[in-house]
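If you want the building blocks of each chain, they are given just below.
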Amino acid sequence: MTAAAPVLAVNATMRRARRARRGVKTRIIAPLVVIGLIIVGAIAVPIAFAFDPLQADLLARLAPPGAVMSDGSTALLGTDQIGSDLFAQIMAGARVSLLVGVATLAISGLVGVALGLLAGHFGGWIDATLMRVADIQLAFPSILLAILIASVLGQGVGNIIIVLSISNWVVFARVARSQVLSLKNREYVEAARTLGAGNWHLMFRTLLPGCMAPVIVVATTQFAQVILTEASLSFLGVGVPLGTPSLGSTIFNGTQYLSTAWWISTLPGVVLVILMLAFGILGDALRDKYDPTLRSA
Amino acid sequence: MVGYLVRRLFLAVFVLWGVATVVFLIVRVVPADPALLIAGSDAPAEQLAQIRQDLGLDQSLLVQYGRFLGGAVTGDLGQSYSMKQPAVSLIGQVLPNTALLAVLACAVALLLAFPLGLIAALRANRAVDRVVTTGSLFTQALPNFWIGVVLLLVFSRTLKWLPSVGLDGPKSLILPTIVLALPFVSVLTRMIRNGLLEVMGESYIQTARAKGLPERIVIFRHAVRNAAIPVITIVGLQFGTLLGGAVVTESVFSFPGIGRLLVTSIQLRDYNVVQACVLVIAAVFVIINLVVDLMYGFLDPRVRLAK
Amino acid sequence: MTTTQTGPLNPSTSMSGAPLLSVQDLTVEFSTAAGVARALDGVSFEVSAGETLAILGESGSGKSTTAQAIMALLPKPAGAITGGKILYAGRDLAAEPASKVREVCGTEIAMIFQDPLSSLNPVFRVGAQVAEPFRRRRGMGRRDAWARALDLLKRVGIPDAETRINDYPHQFSGGQRQRIMIAMALALDPKVLIADEPTTALDVTVQKQVMNLLADLQAETGMAMVLISHDLGVVAEVAKRAAIMYAGRIVETGPIRDMYDHPAHPYTSGLLDSIPSQSSVGGRLKPIVGSPPNLLNLPSGCAFNPRCPFAIDRCRELAPTLRTPEGWSEGHQAACHLSEEMLAHV
Chain Z
1 MTAAAPVLAV
11 NATMRRARRA
21 RRGVKTRIIA
31 PLVVIGLIIV
41 GAIAVPIAFA
51 FDPLQADLLA
61 RLAPPGAVMS
71 DGSTALLGTD
81 QIGSDLFAQI
91 MAGARVSLLV
101 GVATLAISGL
111 VGVALGLLAG
121 HFGGWIDATL
131 MRVADIQLAF
141 PSILLAILIA
151 SVLGQGVGNI
161 IIVLSISNWV
171 VFARVARSQV
181 LSLKNREYVE
191 AARTLGAGNW
201 HLMFRTLLPG
211 CMAPVIVVAT
221 TQFAQVILTE
231 ASLSFLGVGV
241 PLGTPSLGST
251 IFNGTQYLST
261 AWWISTLPGV
271 VLVILMLAFG
281 ILGDALRDKY
291 DPTLRSA
Chain S
1001 MVGYLVRRLF
1011 LAVFVLWGVA
1021 TVVFLIVRVV
1031 PADPALLIAG
1041 SDAPAEQLAQ
1051 IRQDLGLDQS
1061 LLVQYGRFLG
1071 GAVTGDLGQS
1081 YSMKQPAVSL
1091 IGQVLPNTAL
1101 LAVLACAVAL
1111 LLAFPLGLIA
1121 ALRANRAVDR
1131 VVTTGSLFTQ
1141 ALPNFWIGVV
1151 LLLVFSRTLK
1161 WLPSVGLDGP
1171 KSLILPTIVL
1181 ALPFVSVLTR
1191 MIRNGLLEVM
1201 GESYIQTARA
1211 KGLPERIVIF
1221 RHAVRNAAIP
1231 VITIVGLQFG
1241 TLLGGAVVTE
1251 SVFSFPGIGR
1261 LLVTSIQLRD
1271 YNVVQACVLV
1281 IAAVFVIINL
1291 VVDLMYGFLD
1301 PRVRLAK
Chain C
2001 MTTTQTGPLN
2011 PSTSMSGAPL
2021 LSVQDLTVEF
2031 STAAGVARAL
2041 DGVSFEVSAG
2051 ETLAILGESG
2061 SGKSTTAQAI
2071 MALLPKPAGA
2081 ITGGKILYAG
2091 RDLAAEPASK
2101 VREVCGTEIA
2111 MIFQDPLSSL
2121 NPVFRVGAQV
2131 AEPFRRRRGM
2141 GRRDAWARAL
2151 DLLKRVGIPD
2161 AETRINDYPH
2171 QFSGGQRQRI
2181 MIAMALALDP
2191 KVLIADEPTT
2201 ALDVTVQKQV
2211 MNLLADLQAE
2221 TGMAMVLISH
2231 DLGVVAEVAK
2241 RAAIMYAGRI
2251 VETGPIRDMY
2261 DHPAHPYTSG
2271 LLDSIPSQSS
2281 VGGRLKPIVG
2291 SPPNLLNLPS
2301 GCAFNPRCPF
2311 AIDRCRELAP
2321 TLRTPEGWSE
2331 GHQAACHLSE
2341 EMLAHV
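Residue numbers (my numbering), protein chains in the order written: chain Z, 1 to 297; chain S, 1001 to 1307; chain C, 2001 to 2346.
Please keep in mind that the hints were generated in silico from the structure rather than gathered at the bench.
Where is the CB? At the ideal position from N, CA and C, for every residue including glycine.
Hints should not be assumed to be uniformly reliable.
As the list claims (entries may be wrong) - What follows is a list of derived Cβ distance ranges for each label pair:
1) S:Ile1287 <-> C:Glu2162: 37 to 43 Å
2) Z:Ile28 <-> C:Glu2103: 20 to 26 Å
3) S:Leu1025 <-> C:Leu2296: 56 to 62 Å
4) S:Phe1010 <-> Z:Trp125: 16 to 22 Å
5) S:Ala1049 <-> Z:Tyr257: 40 to 46 Å
6) C:Leu2272 <-> S:Gly1003: 30 to 36 Å
7) Z:Tyr188 <-> C:Ala2034: 19 to 25 Å
8) Z:Tyr257 <-> C:Ala2033: 48 to 54 Å
9) S:Gly1201 <-> C:Arg2143: 30 to 36 Å
The following block holds chain Z by itself, in its conformation from the complex:
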């Protein structure tokens, strides 16, 4: 009895620790598979359905999920208020979400990381200016800034990408800067400097690779945030223009028909949730993998 109890406890704790480590791999692969499926669906489904968001078929409007249409086909997720197939519309919306997400992250990531590298590497007034600008921008709730800019710029997918890039670069700049500051005095950077590496070489060949892991982690979590903000803006009517299907605008359109056609508002949200969840879990798993300071057990 005396020795048995602690030994059992040890085995249990070690099993738990091992399981937690194994979990990281699953938590990376599973969301990637889900995201892959949605990407394929977003590309293929609207084409397969020959989806046209502006084409109205008033006879077929507000059909519930699984309803058989006049042409003998089945509307898997029902139809909306103008009679277009909801499944095709959701997938077309996911296409817009993914497009906006990728483009925004590319722009804000490039600009943010470059500015963060500059600020971290040179310090001085560049750093001070950049950080004050970041302070001011962070004093805005980011969706507020997006709403303000979007309302002035007007609707359009391109405008949304600009708006979201403006409100997202700060995150990347801050991450890159703080990473540079912590790498700056490492031996390998010192070594490169002593060997006569120029600023350009130091920033992009020596420091940048060291910044990639945290930047990728942040990019993953930000992807979910960008998709959410796009949907919110479109829901509020300052996002995509009329006629462009977006998950947010579809959900908004459905609110007029909540009592009669619940599916229009709820089902696009499910896809949005799945997307957000996949990127959220992926970001978390990547953080566990790459950022040991936040790793638990």
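Position chains S and C relative to chain Z; hints supplied.
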């Protein structure tokens, strides 16, 4: 402490000035002509000129900027073009509603997140922790406008338990509060969990245990007090997200708050009100962060007693 | 000794007789991402009242883990005791849950830590922290507990204690913080004090003062002390006996003078060669080549063999056990196959 206070106040004023400038620039320097946006592109030229004069747009940018800043300092944020009222009084009518909603959501979030985060931290990597962290991840993935619509559908349209829109008695506050609090709960829970886990690894926790204190006192006296310091900062920062969430939530529930005023003003192209709303929300955010920073000083003697 | 003894100990013989704390064959393992590390492997030692035992070794040798294991402070869930006994007053602390062991902590066995700044809670006044044992363990009121705390702070030599009792840890110097830690540890008159690198984080001049304070307090109270250090110089004057640890095992143990004069393990002799001393003034210091082994991947046989200048095939195949080499005095043990051949007892 006094030096710290002065420095902090100065920074807050600087940030407010920066916010005002950015708002001014965004609204004025964009290629679109506000007069055209207000009156429509087919409006007669005299009407456009009149609007420009009303808005002071015929002056140079610098004069406009001076007027704008001067007005902002004296509490004059211009006239609402659509409501024919000062923007400030429009905001004054709805701001208390938003404040009520935000405070309720904050309270609900803290009340839920503290026990959840605590349990997860104390049972780190066990089943309870896994349920809590997965749950918070899931909650965070719920778009607030969508969950608002779903709750409306279930509780007011289908079950008819709760009113669907507007502000009419305490019952109408329930759904907006839940929607606003949900993402906050999940962020806070994770913050509290991770903060506690970090603190529990500190040497002074070892000391407390080595003194033979029961784990209950080690946690609630020694760990929680230290873990609370960063969490309070996060609460302040997250308050901005909460205010942003209020814009969306109020729109879903047609709740008469500053967020809804902002969205309707955008639809009416009432730029003075838009500008005023954004400024006020940003100011509230800056002030709350100032208060949070001062609280931080109060909670952490290392900051409070620093010269 | 002012308080009554607990357990089977006889007070009259406690100064030299039965050990107060006895660790037998203690094994501790950690589960890490890379596998299971055996941080302690069959560690045994004992300490009697009034006596000081020094545990010496490099960082990672397991000396701090030993202290954590005794105080039930092993980081959970990664680390756990997987074998052996920790006997105190007739109880086996290794077999008891942490919550039971905690009742002994502070009152019977107390501990002070390496870094006094991070070991004091930054958000509480030092008075509150020193008074805490009285309030929480003895149920005293605030006023009485603070009065006792003030006595303690004076006793450990905090100048101007009446006003400084209201200050926060960051307002004290390193040496004073360690004095506060000592005051806190001694609050409830423990029988055993474990000091884990008590002077490592301090200035050299302050180190001496703190060690003297510990020695004085020990003489006053008759408590047993386990002094953990990596610095042979620091412990030499305070401790009578020492145990040298390497890679989770005790490789040599005995009276400290004996070990200094006639080391029986190449590691000990290497450690002695690598510290500056009066006899070696002007000479060259000889460092031990190589670095401490990875606990996840220990060399076969004797863990020291890759760094040992004398290692032969037997050392790589068979792990040596503690024994008294021929010619060395009783009570002096070493875990080396070659003590007699390589370290002539001069």
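Distance restraint hint 19 to 25 Å, applied to the beta-carbon atoms of Tyr188 of chain Z and Ala2034 of chain C: holds (24 Å)
Consistency of beta-carbon spacing, Gly1003 of chain S to Leu2272 of chain C, with hint 30 to 36 Å: Taking Cβ atoms as reference, Leu2272 of chain C and Gly1003 of chain S lie about 53 Å apart, which means the hint is violated.
Assessment of proposed distance window 56 to 62 Å (beta carbons of Leu1025 of chain S, Leu2296 of chain C): holds (59 Å)
Pairwise beta carbon distance, Phe1010 of chain S to Trp125 of chain Z, judged against the given window 16 to 22 Å: This hint holds: roughly 19 Å between Cβ atoms.
Ala2033 of chain C and Tyr257 of chain Z - C-beta distance against the hinted 48 to 54 Å: holds (53 Å)
Range hint 20 to 26 Å (beta carbons of Ile28 of chain Z and Glu2103 of chain C) holds or violated: violated (45 Å)
Verdict for Ile1287 of chain S, Glu2162 of chain C (Cβ pair) under range 37 to 43 Å: Taking Cβ atoms as reference, Ile1287 of chain S and Glu2162 of chain C lie about 41 Å apart, which means the hint holds.
Range hint compliance [Cβ, Gly1201 of chain S to Arg2143 of chain C, 30 to 36 Å]: Once the Cβ atoms are compared, 34 Å apart, the range 30 to 36 Å for Arg2143 of chain C and Gly1201 of chain S holds.
Satisfaction of the hinted span 40 to 46 Å by the C-beta atoms belonging to Ala1049 of chain S and Tyr257 of chain Z: holds (44 Å)
When each numbered hint is compared with the structure, violations occur for hints 2, 6.
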